[in-house]
Amino acid sequence: MNGEYAIDVHGLSKSFGHKRVVNGLSLRVEKGEIYGFLGPNGSGKTTSIRMLCGLLTPDEGSGTCLGFDVRSQSAEIKKQVGYMTQRFSFYEDLSIRENLDFVARLYAMPNRKQTVQAGMEDLGLADRADQLAGTLSGGWKQRLALAACMLHRPRLLLLDEPTAGVDPKARRDFWDEIHRLAGQGISVLVSTHYMDEAARCHRLAYIAYGNLLASGSPEALIAQSGLASFDVKDDDPALAERLRKLPGVQQVVAMGNLYSVSGRDGALIEQGLASLPGLRFERAETGLEQVFIQLMENVQDAPP
Amino acid sequence: MKFPLAWNRLWAIVLKEFVQMRRDRITFAMMVGIPVMQLILFGFAINTDPKRLPTVVFDASPSAYTRSLVASLENSGYYDVLPPPETVAEAREAMAIGEVQFIVSIPPDFSRQLVRGEKPALLLEADASDPAATGNAISALANLNQSALQHDLKGPLARLGTAPPPFEIRIQRNYNPEGITQYNIVPGLMGTILTMTMIMMTGMAMTRELERGTLENLLAFPVHPLEVMIGKILPYIIVGYIQVTVILVAAYFLFDVPIAGSLPLLLACVLVFLAANLTVGMMFSTIAKSQLQAMQMTFFFFLPSMLLSGFMFPFRGMPHWAQIIGEGLPLTHFLRIVRGIMLKGNGWAETWPNVWPLLVFMGVVMLIGFKRYRKTLD
Ligand SMILES: Nc1ncnc2c1ncn2[C@@H]1O[C@H](COP(=O)(O)OP(=O)(O)OP(=O)(O)O)[C@@H](O)[C@H]1O
Ligand SMILES: [Mg+2]
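Same order as they appear, the protein sequences are chains B and W. Position 23 of the first sequence, counting from 1, maps to 23 under our numbering, and the rest follow consecutively. Position 25 of the second sequence, counting from 1, maps to 1025 under our numbering, and the rest follow consecutively.
If you're looking for bench data, these hints aren't it; they were derived computationally from the structure. Built from N, CA and C at the ideal position, the CB exists for glycine as well. Any given hint could turn out to be false.
Straight-line Cα separation of at most 20 Å, SDA-like style, residue types lysine to any residue; simulated pairs [stated by the list, open to error]:
no., chain 1, residue 1, chain 2, residue 2
1, B, K79, B, Y5
2, W, K1051, W, N1143
3, B, K141, W, S1068
4, W, K1371, B, L268
5, B, K233, B, H193
6, B, K141, W, M1318
7, W, K1119, W, K1051
8, B, K113, W, K1119
9, B, K141, W, K1051
10, B, K141, B, Q131
11, W, K1371, B, R71
12, B, K141, W, K1119
If the Cβ cut is set under 8 Å, some of the chain W residues that face chain B in the computed set are [to be verified]:
no., residue
13, R1023
14, T1027
15, F1221
16, P1225
Using the sequences provided together with the hints, build the complete structure.
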């Protein structure tokens, strides 16, 4: 069984003081899979990832990472996992090259100099090799952290919001790279708040208040949600309130020159929309964002 | 221990610390600047040859001879003879509170014995708690012995005026039986400076990782706690040696402090002492939550080290309980080692009794630090 899953944990729990931050989390990430980890701020994503790589000891639960026990074999796990922290945690008083060199030495990389050089070139850092990390802009810091966690060719990447603050082009390059690595059999667990990134994952898990609310492929999650969506082609600002009051409508999002309306009962919404004179609308595909907002509103109605 | 220490990882930490140290100019300047500044303050700015020290004379055999003697005391410039109180006991009280530095007692039959050539003795009680203050005055007295009465001893007594001296001076150093000379300051400074800077630097080196958030990354790397600890200690040993070099060169060339014993032995003992202090800093950094706390803990350790080690006050002058605490401090043993080697020319055999306590201390502290070292963020 261990041979098949990169991550296989069940019942992981963690409390800080009296606050239960992660509650019975079970996850299975297959080899070569890109697994998206989503959830509102403070839902326990970072805490979960830290438990996976041995930075925090779970209060309850057990499982394996790359076949090593998360409780007792964290030294082995650390050798083969690349962890990218949410907050920039490299040395600001060291240059890009010095930081990467430090990492390469810690992992005892052969051909250290070439590895560091190649790592920098992959992420476009070579021009700034000798700039102090503390003087980099946010996005470049993020790239440095990415380069560092991939330097030792880990078998599993744990990425905590790796592309926060990174520009679209670099974000796309990064995701292309992630897919290329997954193609080579590397597994990736990545937390993100971006829906377009969620859509590029093979599978997703959504947690809130430490509880796993839903998991599955993006398509499956959309199907499970049972939401129907419509695009209303109108940009009259006054319309939003009227749309919200229609029966069955749960979400109304203004997007430039159209409104996206969604709810569980598609037929009811359609009736309501048709009742408004002169309104141009058509059925649209439900996005992940609607699904997650729906999930979040459900738990807010019924807190754990 | 699951996996053995790896040199490449240890080296990675050492290199990183060096680069960071080099970038942190102020701290680096401080580490070299502190010894220089302290030496200058202690060595030059603070007058180690004070004149006109308050003195009282109890003359139980007043005569022309004793009057000349007192006059020459004053003329030497070191003694300021004040009107004496009623009793010697009162004078001693005045000495206890620091109003009187010397008490000269001339015994009843001093003058008679002097004339008979019986080499009488007078007693000089000195408040030697600050040896630098009294040292020169005492040695000036020795010369007086020769010259003070030259003038009075005429005719048949003239033979008494030539060597050997006509009377004897018994010196009683109160509060400081060891009779420490000013040479003590520089060796002592070496120990205190090293204690302060070494503990503070390592204490801050680890908490800095916590404070700046780099600890999360460091813990996620496959690096053994001992590798991190040793890797962070090694660079500071080199810094410590730089400080020692500065101090020794200044001691030797500026203050003419002799190095009677073996320099390699001294440097070897310095290594043990440095390591002991660095493990204390390391241990503190596993407890402190911020660099500020690490600094506060350093001072918490530094003050008793300075007060109870024999640097500020003579060790044997302290109450028993204070001596017991003092025995537990590395600085106490290091001061004995340094004074022993530099001033007394001690060899390995005399030094060892103060080396092993340092090793024991280091072992215990290292164990505590290792047990407390964060392996997780919990
Ligand atoms: N060391 C800690 N001590 C106490 N509470 C903590 C600690 N670390 C995290 N928490 C709490 O645990 C909860 C979950 O935090 P976590 O960082 O895991 O959330 P997250 O899902 O990563 O959020 P975000 O999307 O904002 O990054 C938060 O309420 C946080 O306050
Ligand atoms: Mg987080």
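Tell me if the straight-line CA distance from B/K233 to B/H193 falls inside 20 Å.
This hinted pair is violated, its Cα atoms lying about 27 Å apart.
Is the Cα-Cα distance between B/K113 and W/K1119 20 Å or less?
This hinted pair is violated, its Cα atoms lying about 84 Å apart.
For the pair we were handed, W/K1119 and W/K1051, check the Cα-Cα distance against 20 Å.
violated (28 Å)
If you draw a straight line from the CA of W/K1371 to the CA of B/R71, is it 20 Å or shorter?
Holds: W/K1371 and B/R71 sit about 18 Å apart, inside 20 Å.
Taking 20 Å as the top limit, are the C-alpha atoms of B/K141 and B/Q131 close enough?
holds (11 Å)
Holds or violated: B/K141 and W/S1068, Cα atoms, limit 20 Å.
Outside the cut-off at roughly 84 Å; violated.
Agreement of B/K141 and W/K1119 with the hint, judged by alpha carbon distance not exceeding 20 Å:
violated (86 Å)
W/T1027 as an interface hint toward chain B, with CB separation required under 8 Å:
Violated, about 11 Å.
Take the shortest C-beta to C-beta distance between W/P1225 and chain B; is it under 8 Å?
violated (11 Å)
Straight-line Cα separation of W/K1371 and B/L268 no greater than 20 Å?
Violated, because 65 Å separates the two Cα atoms, which is more than 20 Å.
Pairwise hint evaluation, W/N1143 against W/K1051, where the allowed Cα distance is 20 Å at most
Given that 20 Å is the threshold and the Cα spacing comes to 16 Å, the pair holds.
Does the structure keep B/K141 and W/K1051 at a Cα separation of 20 Å or less?
violated (65 Å)
Of the numbered hints stated above, those contradicted by the structure are hints 3, 4, 5, 6, 7, 8, 9, 12, 14 and 16, listed in ascending order.
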